[in-house]
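Novice: Counting in numbering that gives the first Met the number 0, the sequence shown runs from 0 upward without gaps.
Among the hints, a few may not be true.
Stated by the list, open to error - Pair by pair, the computed Cβ-Cβ distance ranges are:
#, residue 1, residue 2, range
1, Lys53, Thr78, 12 to 22 Å
2, Arg71, Cys103, 43 to 53 Å
3, Gln69, Gln28, 16 to 26 Å
What the hints contain is simulated information worked out from the structure, not anything from laboratory work. For every residue, glycine included, the Cβ atom is placed at its ideal position computed from N, Cα and C.
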Amino acid sequence: MAMECERGLSPAVALFRSLGDPTRLAIVQRLAAGEARVVDLTRQLGLAQSTVSKHLSCLRDCQLIDYRTQGRQSFYSLTRPELIDLLRSAELLLAETGDAVALCPVYGEPGNSVTAEVAAS
Numbered sequence: 000m001a002m003e004c005e006r007g008l009s010p011a012v013a014l015f016r017s018l019g020d021p022t023r024l025a026i027v028q029r030l031a032a033g034e035a036r037v038v039d040l041t042r043q044l045g046l047a048q049s050t051v052s053k054h055l056s057c058l059r060d061c062q063l064i065d066y067r068t069q070g071r072q073s074f075y076s077l078t079r080p081e082l083i084d085l086l087r088s089a090e091l092l093l094a095e096t097g098d099a100v101a102l103c104p105v106y107g108e109p110g111n112s113v114t115a116e117v118a119a120s
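Generate the whole structure from the sequences, applying the supplied hints.
Specialist: Listed below in structure tokens is the structure:
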């Protein structure tokens, strides 16, 4: 029974892992506003072209984004509008849970944990 549950969760785990990287999440959030070229993403995110390209490749492999070519340029966009809904739902959930996720000792941001705050006092 546990194996069935794990197998059923595998695609969801892969989806959230693909969005779990801050750079990939920033790219997806930017593409939620409309298509963009690599040069646009590097300027807006302040990252190297190689870094952006690596993360775009990962998101393409997950079929979360796609691209179209126009001349020598590639324009990237989200493949599914449901991804925007997922991000909005996550923002609502985070607003409702307050700092609980950020303060999580396992998954929260380093330095945001209650332990770090107590140690700093």
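Novice: Going back to the hint list, which numbers does this structure go against?
Specialist: Failing hints: none at all.
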